[in-house]
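Chemist: Working from the sequences, and respecting the hints, build out all of it.
Chain order of the listed sequences is C and S. One gets this note's numbering by counting positions in the first sequence from 1 and adding 1 to each. One gets this note's numbering by counting positions in the second sequence from 1 and adding 21 to each.
Don't take every hint at face value.
As the list claims (entries may be wrong) - With a straight-line Cα cutoff of 16 Å, these simulated EDC-like cross-link-like pairs (lysine to aspartate or glutamate) come out:
| # | chain 1 | residue 1 | chain 2 | residue 2 |
| --- | --- | --- | --- | --- |
| 1 | S | Lys-89 | S | Asp-52 |
| 2 | S | Lys-92 | S | Asp-52 |
| 3 | S | Lys-26 | C | Glu-43 |
| 4 | C | Lys-52 | C | Glu-69 |
| 5 | S | Lys-128 | C | Glu-43 |
| 6 | S | Lys-36 | S | Asp-100 |
Calculated from the structure, these hints are not laboratory results.
Spelled out, the chains give:
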Amino acid sequence: EAGVTQFPSHSVIEKGQTVTLRCDPISGHDNLYWYRRVMGKEIKFLLHFVKESKQDESGMPNNRFLAERTGGTYSTLKVQPAELEDSGVYFCASSPLNRGFYEQYFGPGTRLTVT
Amino acid sequence: QQQVKQSPQSLIVQKGGISIINCAYENTAFDYFPWYQQFPGKGPALLIAIRPDVSEKKEGRFTISFNKSAKQFSLHIMDSQPGDSATYFCAASMNSNYQLIWGAGTKLIIKP
Chain C
2 EAGVTQFPSH SVIEKGQTVT LRCDPISGHD NLYWYRRVMG KEIKFLLHFV
52 KESKQDESGM PNNRFLAERT GGTYSTLKVQ PAELEDSGVY FCASSPLNRG
102 FYEQYFGPGT RLTVT
Chain S
22 QQQVKQSPQS LIVQKGGISI INCAYENTAF DYFPWYQQFP GKGPALLIAI
72 RPDVSEKKEG RFTISFNKSA KQFSLHIMDS QPGDSATYFC AASMNSNYQL
122 IWGAGTKLII KP
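Modeler: So, in structure tokens, the structure goes:
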């Protein structure tokens, strides 16, 4: 079974440009999460999809960030326009929808560098 | 406001020794406490998790100790091996299907 995949693995863009990150969750996982780790600090929650619906987007830093999950499969996270403080590693995770305690499986992350 | 405080930031342990990483939380509504292990270039991977109805959980060389009254939990790695060298994160949530609140991470180095 394929794990969570993320693309690209690394992106370097200039301030003001746009970047789109993609996450493909494990097949059949209805929960999809985005997290971000900035400059060696703690990993912070950005948002949570249940299928194609945004369940919780309380962690999104501002309206420069737009997440979508069309058809409840893969998800994209767009940053437009990018700022220097957006640099960090963006992780995607997925888990089954069933009730109970299931681990969140993480992708390898996308390292975003804004110069 | 950081809700999960993790210490130490880095730790060096001799091979065969015991590695201990500590975390403290603030929100008493948390009821799921996982530890994640992350190797360079990889995403975090669940190592072991505990719920507050037990005080200890052991899986192989890894043990979580949980103190509900003190709002603290710790990871113990017995007989630490060089392959255990990684960054370890504690986390907490109100169940596994909600957002995880993370500690800042501990970079563990096991010296041969």
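Chemist: Would you mind marking each hint as holding or not holding in the structure?
Modeler: Do the hints match the structure? See the list:
no.	hint	in the structure
1	S:Lys-89 <-> S:Asp-52	holds, 10 Å
2	S:Lys-92 <-> S:Asp-52	holds, 11 Å
3	S:Lys-26 <-> C:Glu-43	holds, 9 Å
4	C:Lys-52 <-> C:Glu-69	holds, 11 Å
5	S:Lys-128 <-> C:Glu-43	holds, 12 Å
6	S:Lys-36 <-> S:Asp-100	holds, 7 Å
Checked against the numbered hints listed earlier, the structure breaks none of them; every hint is satisfied.
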